[in-house]
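All chains, please: the whole structure from these sequences, using the hints.
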Amino acid sequence: MDSPAVLDSFRAAGALLEGHFRLSSGLHSGGYLQCALVLQHPRQAAALGAALADQVRELRPTAVLSPALGGVIIGHEVARALGVRALFAERQDGALTLRRGFALTPDDRVVVVEDVVTTGKSTRETMEVARAAGAAVVGVAAIIDRGGALDLGVPARTLATVSLPAYDPASCPLCAQGLPLVKPGSRPA
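Here the working numbering is used: the first residue of the sequence shown is 1, the next is one more, and so on.
Hints are not guaranteed to be accurate.
FRET-style restraints, in silico, Cβ to Cβ [stated by the list, open to error]:
1. 83 to 179: 25 to 33 Å
2. 155 to 50: 15 to 23 Å
3. 171 to 136: 36 to 44 Å
4. 60 to 178: 48 to 56 Å
5. 170 to 124: 37 to 45 Å
Hints in this document: simulated from the structure, not taken from any laboratory. All C-beta atoms in this analysis are idealised placements derived from N, C-alpha and C, irrespective of residue type, glycine included.
Given below as structure tokens:
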């Protein structure tokens, strides 16, 4: 699945939103990619997962780790296509952690899978969860790269790069225009 096909699936699902949004990173933007609207369709989720799996297969992962909530579905689909375990990290007392009996070992080769990466903050946190458990992080994969310059110290693969400017809240032109701010993401404000 190439970048135009990925973006077409977002357009068809009404998942490319315009307005004034507070991203999970805390930045503001006039555009938002609501991956859940695409991933709610099992065939679409499976196709995106298989396409991402094809991009990281050579890394020989033994597990996929995703941050909850946004990465859970796509992480599961990538793991299914690779034939490996799908785990997710979730917030407890503000920090990402493994719960629900999930465990990684030093023998695990982990690919961190996200829906959208903007600044890489959640991705780095998820990588740290894997490393704290002793696992090796061998790569990162995401459906969409909003930033265009993923440098996470491991191979990073995405299906599409979308240029949607993001602004520091203190200098946000959308705030200056008085546009209402919406927080559509999964991370608490």
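Do residue 170 and residue 124 keep their Cβ atoms within the hinted range of 37 to 45 Å? violated, 23 Å
Is it true that residue 171 and residue 136 lie within 36 to 44 Å of each other by Cβ? Given range 36 to 44 Å: holds, Cβ gap about 39 Å.
Taking 48 to 56 Å as the stated bounds, is the beta-carbon spacing between residue 60 and residue 178 within them? Taking Cβ atoms as reference, residue 60 and residue 178 lie about 52 Å apart, which means the hint holds.
Outcome for the supplied range 15 to 23 Å, where the beta carbon pair is residue 155 and residue 50: holds, 18 Å
Given the range 25 to 33 Å, decide if the beta-carbon distance of residue 83 to residue 179 lies inside it. violated, 46 Å
The structure fails to meet hints 1 and 5 from the earlier list, while all remaining hints are met.
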